[in-house]
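**Q** Numbering (this note's numbering), first residue to last: 26 to 317.
I should point out that these hints are in silico values taken from the structure, not numbers from a laboratory.
A hint or two may mislead.
Stated by the list, open to error - If you anchor each label on the Cβ, the simulated ranges turn out as follows:
{"id": "1", "residue 1": "Asp44", "residue 2": "Asp93", "range": "17 to 27 Å"}
{"id": "2", "residue 1": "Glu298", "residue 2": "Gly142", "range": "30 to 40 Å"}
{"id": "3", "residue 1": "Asp312", "residue 2": "Ala68", "range": "16 to 26 Å"}
{"id": "4", "residue 1": "Asp136", "residue 2": "Glu307", "range": "25 to 35 Å"}
{"id": "5", "residue 1": "Pro92", "residue 2": "Glu170", "range": "35 to 45 Å"}
{"id": "6", "residue 1": "Gln309", "residue 2": "Ser118", "range": "26 to 36 Å"}
Said to hold, decoys possible - Straight-line alpha carbon distances no greater than 30 Å define the calculated DSSO-like cross-link-like pairs of lysine-lysine that follow:
{"id": "7", "residue 1": "Lys87", "residue 2": "Lys74"}
{"id": "8", "residue 1": "Lys265", "residue 2": "Lys230"}
{"id": "9", "residue 1": "Lys303", "residue 2": "Lys74"}
{"id": "10", "residue 1": "Lys211", "residue 2": "Lys230"}
{"id": "11", "residue 1": "Lys230", "residue 2": "Lys74"}
{"id": "12", "residue 1": "Lys235", "residue 2": "Lys115"}
{"id": "13", "residue 1": "Lys115", "residue 2": "Lys265"}
Glycine included, every Cβ here is placed at the ideal spot set by N, Cα and C.
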Amino acid sequence: MSATMTKFEPSFLDNVGTDLVTIQIGDGDTQESFPVHKDLLTACSPYFKAAFDGEFREAPDKAIPIPDVTSTQVRLFLDWLYFRRLPDDKESSFGSAECQNCTYTETTCEDSRRAAGFTEDFVDHDDEEEHSRIPFEGSASISEEVDQHLEELINNGPWNHEMLYVFADRCDVPDLRQDLINEAWKNGWPTFGAIIFAWRNLSIKSPLCKLILDDYSRLHEKMDLMEEEKCGMEVLLRQKLPSEFMRILFSRNLGDEEEWPPVCAYHEHAQDEETVEKCREEMQRRDRRGRG
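Kindly produce the complete structure, drawing on both the sequences and the hints.
**A** Spelled out as structure tokens, the structure:
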């Protein structure tokens, strides 16, 4: 072994300049500012590159206002930008004290079941036929107060993946969109609140909306959908699912799909064999680096 060891020199600022720019959200007293390295920001997004190499290039404060995103979305984005870290995928946990819907709205699944029209506590039956006899008096009408809670949940609930995807769509961050699609493809279908949020904020032709529809088409089985009845909030949210989502879903032969399309089917790159193979190889390299 050589007596001389090569000294490790951090190279972060060799590849990233020291210029900082600012993302601003909100107005007036609620305005928040987030300083970001310009080189990182403009490298990941044609939207930010056009802004800071164009109209904001000579601005003394080098700040871009984005009024229609939230602090949570920006913080999630910066987590990805600096650390390539995506938010943890949490279980819905319907029927438990950790239920995402009810924890956020400070209620319980059983209390919310009463608001949804159920007259008895949920009983988890082994026999499929027993499910049809769970006391449920149809879809309860949604009062103005309950609707306000539902809207608050939809707009600010714990669907960080969908919120981050909407940011990546709004600010055109292609690599982030692809990373989130990869996660969504592995993790399966989201809850109703997440679907409503995505549908309200994305084009129906977006890869995420397409993936959600395909997931529900493949997994639309009675035993799967019974999970929602453990939580009254989820049952109430079902009534607010977008009509276009329901129309497309039920125009399909539900459950007939024999194979899951590969994740590349939801990527925005070309779908020729060579491009798909290059994408697969790159994902494998990234997985190996992540495990290393």
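**Q** Is Lys115 close enough to Lys265, meaning Cα to Cα at most 30 Å?
**A** holds, 22 Å
**Q** Hinted pair, alpha-carbon criterion (30 Å max): Lys87, Lys74. Please report holds or violated.
**A** Status holds; Cα separation ~12 Å.
**Q** Decide if the proposed pair is consistent with the structure: Lys235 and Lys115, CA atoms, cutoff 30 Å inclusive.
**A** Cα-Cα ~22 Å, so holds.
**Q** Given a hint of 26 to 36 Å, does the C-beta separation of Gln309 and Ser118 actually sit inside it?
**A** Holds - the Cβ-Cβ distance for Gln309 and Ser118, about 32 Å, lies within 26 to 36 Å.
**Q** Checking one constraint from the list: CA of Lys303 to CA of Lys74, max 30 Å. Satisfied?
**A** holds, 26 Å
**Q** Do the beta carbons of Pro92 and Glu170 sit within 35 to 45 Å of each other?
**A** violated, 29 Å
**Q** Between Glu298 and Gly142, does the C-beta distance stay in 30 to 40 Å?
**A** Once the Cβ atoms are compared, 52 Å apart, the range 30 to 40 Å for Gly142 and Glu298 is violated.
**Q** Given the hint that Lys230 pairs with Lys74, does the C-alpha gap stay at or below 30 Å?
**A** holds, 25 Å
**Q** Does the Cβ distance between Asp44 and Asp93 fall inside 17 to 27 Å?
**A** holds, 26 Å
**Q** Could you see if the CB distance from Asp136 to Glu307 stays within 25 to 35 Å?
**A** Cβ of Asp136 to Cβ of Glu307: about 48 Å, so the range 25 to 35 Å is violated.
**Q** Given the hint of 16 to 26 Å, is the C-beta distance from Asp312 to Ala68 inside that range or not?
**A** holds, 22 Å
**Q** Take the C-alpha atoms of Lys265 and Lys230, compute the straight-line distance between them, and say whether it is at most 30 Å.
**A** Answer holds: Lys265 to Lys230 is near 20 Å, not above 30 Å.
When each numbered hint is compared with the structure, violations occur for hints 2, 4, 5.
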